[in-house]
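Q: Using the hints provided, position chains B, C and D relative to the given structure of chain A.
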Amino acid sequence: MIRIAVQEAPFDTGAEIAALAGMGAGGLASFIGIVRGGGEAGDALRALVLEHYPGMTERAIAGVAETALQRFALLGCTVIHRIGRLPVGAPIVLVLAASRHRQAALDATGFMIDWLKTAAPFWKQEIFADGRTAWVEARPADDEATARWARAG
Amino acid sequence: MIRIAVQEAPFDTGAEIAALAGMGAGGLASFIGIVRGGGEAGDALRALVLEHYPGMTERAIAGVAETALQRFALLGCTVIHRIGRLPVGAPIVLVLAASRHRQAALDATGFMIDWLKTAAPFWKQEIFADGRTAWVEARPADDEATARWARAG
Amino acid sequence: MPASATSLHILYFAWLKDRLGRGEDNLDLPAGVVDVAGLRAWLRASDPAFEGIFNAGGRVRAAVNQKFAGDGTPVRGGDEVAFFPPVTGG
Amino acid sequence: MPASATSLHILYFAWLKDRLGRGEDNLDLPAGVVDVAGLRAWLRASDPAFEGIFNAGGRVRAAVNQKFAGDGTPVRGGDEVAFFPPVTGG
Chain A
1 MIRIAVQEAP FDTGAEIAAL AGMGAGGLAS FIGIVRGGGE AGDALRALVL
51 EHYPGMTERA IAGVAETALQ RFALLGCTVI HRIGRLPVGA PIVLVLAASR
101 HRQAALDATG FMIDWLKTAA PFWKQEIFAD GRTAWVEARP ADDEATARWA
151 RAG
Chain B
1 MIRIAVQEAP FDTGAEIAAL AGMGAGGLAS FIGIVRGGGE AGDALRALVL
51 EHYPGMTERA IAGVAETALQ RFALLGCTVI HRIGRLPVGA PIVLVLAASR
101 HRQAALDATG FMIDWLKTAA PFWKQEIFAD GRTAWVEARP ADDEATARWA
151 RAG
Chain C
1 MPASATSLHI LYFAWLKDRL GRGEDNLDLP AGVVDVAGLR AWLRASDPAF
51 EGIFNAGGRV RAAVNQKFAG DGTPVRGGDE VAFFPPVTGG
Chain D
1 MPASATSLHI LYFAWLKDRL GRGEDNLDLP AGVVDVAGLR AWLRASDPAF
51 EGIFNAGGRV RAAVNQKFAG DGTPVRGGDE VAFFPPVTGG
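Residue numbers (our numbering), protein chains in the order written: chain A, 1 to 153; chain B, 1 to 153; chain C, 1 to 90; chain D, 1 to 90.
The shape of chain A in the complex, shown without the other chains (with noise of 0.2 Å):
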């Protein structure tokens, strides 16, 4: 089972590892990304204001999951990103595997969150306190953590 979201709604976590527990699973793996205020440079960020390529993203978000489900042998998995403004401290992004096995599903969780950062049509714009706004850069970190997943093989 495979379930796509993309929405400006904030998802809940309890709900949709709940929807996934009941598979058969012996071990669920998540990760939720969260707006990170305070970077390098000390700045006020505010918010993120999530752009994404519609039709394309549920594509490639799918792509992603299917690699996942077949990969790592997984019982389920769930991807949900949102758009629009998210306030610092807000979740970005939730990723969910289940498996009959630990590993698989951590594993699993790794890989999707990995490969959405570099195959998913979404841009990031920082929003300061100052009204200043500027859009994210990719970083040369996230290739190279999807590039970890092709030499795992």
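Please keep in mind that the hints were generated in silico from the structure rather than gathered at the bench.
Cβ atoms here follow ideal geometry from the backbone N, Cα and C, with glycine treated the same way.
There could be a bad hint or two in this list.
Unchecked claim - Here are some chain B residues pointing at chain A (derived, C-beta under 10 Å):
#: 1; residue: Asp12
#: 2; residue: Ala15
#: 3; residue: Ile17
#: 4; residue: Ala18
#: 5; residue: Leu28
#: 6; residue: Arg36
#: 7; residue: Gln70
#: 8; residue: Leu86
#: 9; residue: Val88
A: Below, chains B, C and D alone, put in the same frame as chain A:
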């Protein structure tokens, strides 16, 4: 912030996550262990009964959590382990790790669940549909999973 | 809008959209354009705003029909083509 | 119960408790017992039920004062000693 609990009651994953999410984390990883039915021999497992060593259990879990907090520079972590009779499908254990960066949170979660399986004094008894009971044997694979973290330095 | 066999639907995202002041273009497939590189060249020639966009460190990515595309990916009438900076989701 | 300087509080868990029919023993520190190995030997000599328990593939573990202990870990009056199978939590 470290939160440890050993309890019969179910845990509220959403509430536990919310409590950790407000600490300036950029990523929050979790693992939930679930009582898994349908073992290798197709046994009609109905429930597990989890016994523990009061006092030593909390001390062992705190040791694992403190080690993870240091090693992965976590902002906080939570470990809740249930005891008593837990039917198939019931959550047994919740591990949460909050950090500024995603990989640390995921790694710390794997570290803690692997160590819990070898360092915390819990014992599982299986209850089958026909009333038969059996103590679960420790698996060498669990010791290997723990040893992995020692090698990884 | 319905795609015709010769129309091209072009989408712009993130700072490309800001700089162009619009999120999309609809045009007839220009004569001679057969791939992404050709479309980039045609856009540059047709509007100076694209000069700075496509020169931005060569980092502007493309998708054709909602799949990541390289310079050599074919572009045909009826296609949806998108240009955007490297993605930063997750 | 309050520990005296010569008492020993011994705990049994999981199948050890089932087989012994009790979860704990309280006794005076036996003469000559100075470590976990000595306590195991004394228990075997005092009650045949321990023979099968400590022979169970050598897999019965021990803790002294709530820390995992080896055969050579010292045992003193006032200590809490536990015997149990390899743990299976998580």
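Q: Does each hint fit the structure? Answer for all of them.
A: Do the hints match the structure? See the list:
1. At its closest, the beta carbon of B/Asp12 sits 7 Å from a beta carbon of chain A; the interface hint therefore holds under the 10 Å criterion.
2. Taking 10 Å as the C-beta cut-off, the interface hint given for B/Ala15 holds, the closest approach to chain A being about 8 Å.
3. For B/Ile17, the suggested interface contact is upheld, since its CB lies about 6 Å from the closest CB of chain A, less than 10 Å.
4. Of the supplied interface hints, the one on B/Ala18 holds, with its beta-carbon coming within about 8 Å of a beta-carbon of chain A, less than 10 Å.
5. This hint holds: B/Leu28 has a C-beta 4 Å from the nearest C-beta of chain A, less than the 10 Å allowed.
6. The restraint placing B/Arg36 at the interface with chain A holds, with a minimum CB-CB distance near 4 Å, inside the 10 Å limit.
7. For B/Gln70, the interface hint is violated, since its Cβ never comes within 10 Å of a Cβ in chain A; the closest pair sits about 20 Å apart.
8. Against a cut-off of 10 Å between C-beta atoms, the interface hint on B/Leu86 is violated, since the closest Cβ of chain A lies about 13 Å away.
9. The closest approach between the C-beta of B/Val88 and any C-beta of chain A is roughly 9 Å, which is under the 10 Å cut-off, so the hint is satisfied.
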